[in-house]
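Participant: Below are the chains, spelled out letter by letter.
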Amino acid sequence: MGIEDSILACRDLWKRYRDLEVLRGIDFEIKKGEIKVIIGPSGSGKSTFLRLLGLLEEPTKGKIYFEGRDVYAENLDLNKIRAKIGFVFQEPSLFRHLTALGNVMLGLRYVLGMKEEEARKRAMETLRLVHLEEWADHYPAQLSGGQQQRVGIARALAMNPDIILFDEPTASLDIELTWEVIDVMKELAEKGITMLVVTHEIAFAKEVADEILFMDKGKILESGPPEQLLKNPKTPRAREFLSRLLGGE
Amino acid sequence: MITTNDILFLLQGVPTTLLISIFSFILGFIIGIPISLCRSFKIPIASQFADAYEKIFRGIPILVFMLFFHFGLGGIIPIFKDPFMTSVIALGMRSGAYQSQIFRGAINSVGRQQMMAAISLGMKKLQALRYVILPQAFIVALPGLGSEIALLIKDSAYSFVLGVLDLAKYADILRRGTRSFIFPYLAAAIIYVILTFPFANYLDKLGSRLKTKYGLR
Chain Z
1 MGIEDSILAC
11 RDLWKRYRDL
21 EVLRGIDFEI
31 KKGEIKVIIG
41 PSGSGKSTFL
51 RLLGLLEEPT
61 KGKIYFEGRD
71 VYAENLDLNK
81 IRAKIGFVFQ
91 EPSLFRHLTA
101 LGNVMLGLRY
111 VLGMKEEEAR
121 KRAMETLRLV
131 HLEEWADHYP
141 AQLSGGQQQR
151 VGIARALAMN
161 PDIILFDEPT
171 ASLDIELTWE
181 VIDVMKELAE
191 KGITMLVVTH
201 EIAFAKEVAD
211 EILFMDKGKI
221 LESGPPEQLL
231 KNPKTPRARE
241 FLSRLLGGE
Chain W
1 MITTNDILFL
11 LQGVPTTLLI
21 SIFSFILGFI
31 IGIPISLCRS
41 FKIPIASQFA
51 DAYEKIFRGI
61 PILVFMLFFH
71 FGLGGIIPIF
81 KDPFMTSVIA
91 LGMRSGAYQS
101 QIFRGAINSV
111 GRQQMMAAIS
121 LGMKKLQALR
131 YVILPQAFIV
141 ALPGLGSEIA
151 LLIKDSAYSF
161 VLGVLDLAKY
171 ADILRRGTRS
181 FIFPYLAAAI
191 IYVILTFPFA
201 NYLDKLGSRL
211 KTKYGLR
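Note that the protein sequences, when read in sequence, are chains Z and W. Reading the first sequence from the start, the letters are residues 1 to 249 in the numbering used here. Reading the second sequence from the start, the letters are residues 1 to 217 in the numbering used here.
Calculated directly from the structure, the hints in this document are not laboratory data. Cβ coordinates follow ideal geometry from the N, Cα and C atoms, glycine included. Warning: the hint list may mix true and false statements.
For each label pair, taking beta carbons as the anchor points, the in silico distance ranges come out as [said to hold, decoys possible]:
id, chain 1, residue 1, chain 2, residue 2, range
1, Z, Gly68, W, Ser147, 52 to 62 Å
2, W, Arg209, Z, Gly192, 40 to 50 Å
3, W, Arg209, Z, Ser172, 20 to 30 Å
4, W, Asp82, Z, Glu134, 51 to 61 Å
5, Z, Leu246, W, Gln48, 47 to 57 Å
6, W, Asn108, Z, Glu21, 49 to 59 Å
All chains should be built: construct the whole structure from the sequences, respecting the hints.
Facilitator: Following this line, the structure appears as structure tokens:
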């Protein structure tokens, strides 16, 4: 598999914050329809990696490819590419002065240039997909954490992106609300949406992922199908991490 | 003792006091927003200019500015010959420095995450500012803006030294006419309180209510 047939890929990706080397030479690619899950200990660089792939931060070194094109070298319109890469953040990051519907409509109106009615229709359809159509007129402060994350998913999904990146979307939620969000993500997986998910929800990874990548200290130490990586990790660090994670479940 | 006629005489200064305060607030708003954006988003060169602007206008007494503009620049720049306009511009320019600080604090409290979420949708930075950051920052800034209007109403009294017929000037005229040194100023002080309190109080309450509604800090 190569860069040409991938939606999103990177080569030798590095990121440094002052003296801290957060990412250290990552190669990665994901094809249309694939679901990949990234696991790894805190501070391993997972969120930074996702922000770089979402073009929300620039790498210190290395290349990022969207549909086979080097996004930084070819002087492409980054805003147009960002609109095709959905992003769901770790903390609910809804626009607090807008209702759930307003949050989903904003990108449709001002990025895709839809007319008000068309945007409203698409936004309501998407809110229906995450089972929140009845909450459309509520402000984020009136929604639970799980509902907020589902609106966040709807906001990304409504843009009809080629891929959605999820940065530990359940990290700030309790168990019950976690399942609300995971169920919606499973439904998206069934619809064939391309997803790259950072999560510690191993059951979700086992069920839907085509591949799991284990990250540690800014590198992808190993990757493979869920049954292989979860049962027989090759590296001692992955073994140690998984035994702690699964032992705690 | 002060009479009803004296009060009516004093009230003639209120429209001028309010006009100076409102116009200078609007000018301060127009100056304060771009200055705060330059500083919040650390725009090269512009942010250093904005920083210097804030320091100058917060550090020098408003009376000095008014006198400098009117008597110093009045001979060169015609608008400064007009005491009313000089007062509005001097107060407005200083208010720009204070409003910039109010907005900067508000923008920072809205948070980097909101900007990142807007950018992730493919919005341009200016769109993100227009539709996401500033509407929230404005709500957070409301109590501070209320205090700023109150401050402008009070400081508009400095315009009296340039000969503007505002509330303070009418109080002074009344003092000379009645030879009473207490009641004209006491009455003016009460009128100033009556003028400042509703603005500050209303915007403070509105800000608190909206912040609760939208879950803003």
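Participant: Are the hints correct? Go through all of them and say.
Facilitator: A quick look at each hint next to the structure:
| no. | hint | verdict |
| --- | --- | --- |
| 1 | Z:Gly68 <-> W:Ser147: 52 to 62 Å | 56 Å, holds |
| 2 | W:Arg209 <-> Z:Gly192: 40 to 50 Å | 45 Å, holds |
| 3 | W:Arg209 <-> Z:Ser172: 20 to 30 Å | 27 Å, holds |
| 4 | W:Asp82 <-> Z:Glu134: 51 to 61 Å | 60 Å, holds |
| 5 | Z:Leu246 <-> W:Gln48: 47 to 57 Å | 54 Å, holds |
| 6 | W:Asn108 <-> Z:Glu21: 49 to 59 Å | 28 Å, violated |
Consistency note: the structure conflicts with earlier hint 6 alone.
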